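All chains should be built: construct the whole structure from the sequences, respecting the hints.
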Amino acid sequence: MGLVPVLFILPQFLSNAYQIKIATDTLVYMGLGVSWALFSGYSGYISFGHAAFFGLGAYVTGLGTQRHGLGLIAGLGLAFVIVGIAALLVGLLTLRLKGHYFAIATLGIAEAARALVEWGRSYTHGTFGFAMPIEIVSRAPTTKYYVVAAALVAVTVVGLGMIWSSYGLRLIAIREDELAVEALGIRSALSKIGALGISGAFTGLFGGLFAWGQGFLTPEAVFATRWSLEPIVMSTVGGMGTLVGPLVGGMFFYLVPEFLIENEIFLQRRDELYLVMLGVMLILVTLFAKRGIFGILERSRFWPKGFRL
Amino acid sequence: MNSSEARTGSNGRSGDVVLEVTGLRKSYGGVVAVKGLDATVNRGEITGLIGPNGSGKTTTFSMISGATRPDEGRVVLDGEDITSASMHRIANRGLLLTFQITRIFPQMTVIENLTVKRGARRVARETLVWELAETVGLHTKLDEYAGDLSFGQQKLLELVRTAALEPAIMLLDEPFAGVNETMERKLVDFIQHVRHERQCSFFLIDHEMRLIMELCDHIYVMSNGELICQGNAEVVQADPATMEAYFGKGYIAGARE
Chain X
1 MGLVPVLFIL
11 PQFLSNAYQI
21 KIATDTLVYM
31 GLGVSWALFS
41 GYSGYISFGH
51 AAFFGLGAYV
61 TGLGTQRHGL
71 GLIAGLGLAF
81 VIVGIAALLV
91 GLLTLRLKGH
101 YFAIATLGIA
111 EAARALVEWG
121 RSYTHGTFGF
131 AMPIEIVSRA
141 PTTKYYVVAA
151 ALVAVTVVGL
161 GMIWSSYGLR
171 LIAIREDELA
181 VEALGIRSAL
191 SKIGALGISG
201 AFTGLFGGLF
211 AWGQGFLTPE
221 AVFATRWSLE
231 PIVMSTVGGM
241 GTLVGPLVGG
251 MFFYLVPEFL
261 IENEIFLQRR
271 DELYLVMLGV
281 MLILVTLFAK
291 RGIFGILERS
301 RFWPKGFRL
Chain S
1 MNSSEARTGS
11 NGRSGDVVLE
21 VTGLRKSYGG
31 VVAVKGLDAT
41 VNRGEITGLI
51 GPNGSGKTTT
61 FSMISGATRP
71 DEGRVVLDGE
81 DITSASMHRI
91 ANRGLLLTFQ
101 ITRIFPQMTV
111 IENLTVKRGA
121 RRVARETLVW
131 ELAETVGLHT
141 KLDEYAGDLS
151 FGQQKLLELV
161 RTAALEPAIM
171 LLDEPFAGVN
181 ETMERKLVDF
191 IQHVRHERQC
201 SFFLIDHEMR
211 LIMELCDHIY
221 VMSNGELICQ
231 GNAEVVQADP
241 ATMEAYFGKG
251 YIAGARE
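Residue numbers (our numbering), protein chains in the order written: chain X, 1 to 309; chain S, 1 to 257.
Read the hints as simulated data drawn from the structure, not as lab findings.
It cannot be assumed that every hint is accurate.
Each computed DSSO-like pair below joins lysine-lysine, with the alpha-carbon atoms no more than 27 angstroms apart [stated by the list, open to error]:
hint	chain 1	residue 1	chain 2	residue 2
1	S	Lys117	X	Lys98
2	S	Lys117	S	Lys186
3	S	Lys141	S	Lys117
4	X	Lys305	X	Lys290
5	S	Lys117	X	Lys305
6	X	Lys290	S	Lys141
7	X	Lys98	X	Lys290
8	S	Lys141	S	Lys186
9	X	Lys305	S	Lys35
Sample of chain S residues facing chain X (criterion: CB under 7 angstroms; computed from the structure) [to be verified]:
hint	residue
10	Met87
11	His88
12	Ala91
13	Asn92
14	Phe105
15	Thr109
16	Glu112
17	Val116
18	Lys117
19	Asp143
20	Gly147
These numbers come from a predicted model, not from an experiment.
Glycine included, C-beta positions come from ideal geometry on N, C-alpha and C.
Written as structure tokens, this is what we have:
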């Protein structure tokens with residue numbers, strides 16, 4: 001909680017627009033990680049398809065402002081609602097399945113969403129993409145930063161609200177042992193579908209914010225596989241099933257490569273070497289710190305038992 | 001017991017029937033696991049289901065509790081047909097199952113385990129959950145992670161978690177498997193406590209014959225998917241087919257304590 005003021009004072013200490021842009025992108029990245037964790041982290045149902053929600057959110061925001069003259073906030077709100085509904089539908093179709101079947105089902109979702117956007121090119125501009133209206137894109141970098149920071153606070157607050165409530169507890173119980181949950185008379189499918197809806201809505205919101213930051217959308221950029229895979233890495237490294245996990249993991253995985261690239265240490269760009277680094281890091285974490293960075297702290301004896309962050 | 005409510009089970013057992021199973025059948029591939037089982041559980045009684053490994057006991061419990069759909073047959077709980085209903089629905093109608101392999105939520109605390117269904121962690125401490133936890137001595141461990149409890153305590157936790165939902169009947173699949181005698185006594189005492197204080201009926205599977213004979217008002221014996229004998233402890237112990245199915249040929253029914 002004490003970190004919220006830090007988040008909002010930070011831009012005062014950043015010297016130029018580029019640094020603010022990097023900070024903003026980092027927050028989008030962290031927001032995506034937290035959004036993913038609201039469903040997959042808590043319930044243990046690993047989604048490999050959140051790029052679908054991210055890309056869809058980007059397109060709803062983009063097309064809403066570019067084709068229908070919506071303002072930014074209206075566009076983002078629409079992305080939140082529409083992607084939330086889409087996620088509920090995906091949940092209805094897939095979440096009556098238990099266990100691994102869900103993960104397999106999500107694999108196709110992002111590709112399907114991307115194909116759909118490319119197919120409807122008379123409306124979506126297809127693979128060429130399009131630019132968002134200049135008056136929306138040209139807002140000051142600090143304005144963008146504050147909007148994204150507010151969204152990150154919102155998703156984190158919702159996440160805490162969930163995990164501290166009996167609803168969140170039920171999701172965690174599903175992760176632990178779904179059959180036992182059903183045996184107690186809890187309808188696990190409903191809990192899971194609801195959580196995917198909330199998770200999808202926020203993922204859509206951050207997709208919209210990403211599009212706003214970029215100014216230009218292509219299916220390739222917003223439906224990229226990395227938007228599906230990197231949230232998994234963020235939570236794994238930071239602490240699966242926690243909120244702090246994707247925040248820490250997201251910051252780490254965005255800033256470290258950016259720092260290396262900017263200073264031309266080791267990396268020139270987000271190239272294959274970066275992916276190798278990601279892979280090595282993942283292997284090290286799964287070998288030596290299964291609970292991730294924050295998970296270790298949470299399970300130490302100094303941490304109050306059952307206090308979840 | 002209110003005699004107007006009393007019903008007679010299909011197999012002739014008289015009394016107030018809480019659970020009635022008729023013609024329950026299940027096959028997996030070509031193998032028939034349960035071949036048309038009839039059984040009843042009377043209210044307030046403890047009914048046992050015994051038989052050698054592979055005789056179809058767990059499959060029977062799975063079908064009754066909704067974890068598995070029966071191929072044929074009917075399950076009636078308190079006069080209501082619950083055959084093939086989903087597990088959570090059956091649980092909410094008052095039939096709860098505990099598992100052969102204990103299924104607690106290891107990364108949740110004891111109190112979270114106990115309140116996951118009904119929520120309200122704070123008030124729970126003063127109500128039935130607290131009372132039941134205290135009965136078995138778990139009240140001092142409410143803030144421990146369930147996974148850190150001993151095996152026996154995990155068994156107790158699962159029992160308390162289930163009993164706290166005030167079921168009409170609990171199905172216990174091998175509650176005494178792998179626990180020491182002290183823990184056995186605790187489990188038995190708790191079952192008796194819930195039966196008497198909360199008017200809960202029990203249907204239980206176990207291999208611990210000594211405890212089955214001590215606890216059960218009525219015992220069903222299964223072998224190869226079929227009922228081969230039923231009755232009270234004396235009847236079952238005197239039954240040659242049961243003793244043969246259970247202990248193999250050559251077993252001589254020994255003296256009871």
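Structure-based check of each hint:
1. Lys117(S) x Lys98(X): holds (20 angstroms)
2. Lys117(S) x Lys186(S): holds (24 angstroms)
3. Lys141(S) x Lys117(S): It holds: about 19 angstroms lies between the C-alpha atoms, which stays within 27 angstroms.
4. Lys305(X) x Lys290(X): Given pair Lys305(X), Lys290(X) holds - Cα atoms ~18 angstroms apart, limit 27 angstroms.
5. Lys117(S) x Lys305(X): holds (20 angstroms)
6. Lys290(X) x Lys141(S): holds (26 angstroms)
7. Lys98(X) x Lys290(X): With Cα atoms ~23 angstroms apart, Lys98(X) and Lys290(X) stay inside 27 angstroms; holds.
8. Lys141(S) x Lys186(S): holds (16 angstroms)
9. Lys305(X) x Lys35(S): violated (48 angstroms)
10. Met87: holds (4 angstroms)
11. His88: Result: holds, 5 angstroms to nearest chain X Cβ.
12. Ala91: Since the shortest Cβ distance to chain X is 3 angstroms, the answer is holds.
13. Asn92: Given a least distance of 4 angstroms, the restraint on Asn92(S) holds.
14. Phe105: Holds: closest Cβ of chain X sits about 4 angstroms from Phe105(S), inside 7 angstroms.
15. Thr109: Constraint on Thr109(S) satisfied, holds at 4 angstroms.
16. Glu112: Holds - the Cβ of Glu112(S) comes within 7 angstroms of chain X, reaching about 6 angstroms at its closest.
17. Val116: holds (5 angstroms)
18. Lys117: With a minimum Cβ separation of about 5 angstroms from chain X (threshold 7 angstroms), the hint on Lys117(S) holds.
19. Asp143: Since the shortest Cβ distance to chain X is 5 angstroms, the answer is holds.
20. Gly147: violated (9 angstroms)
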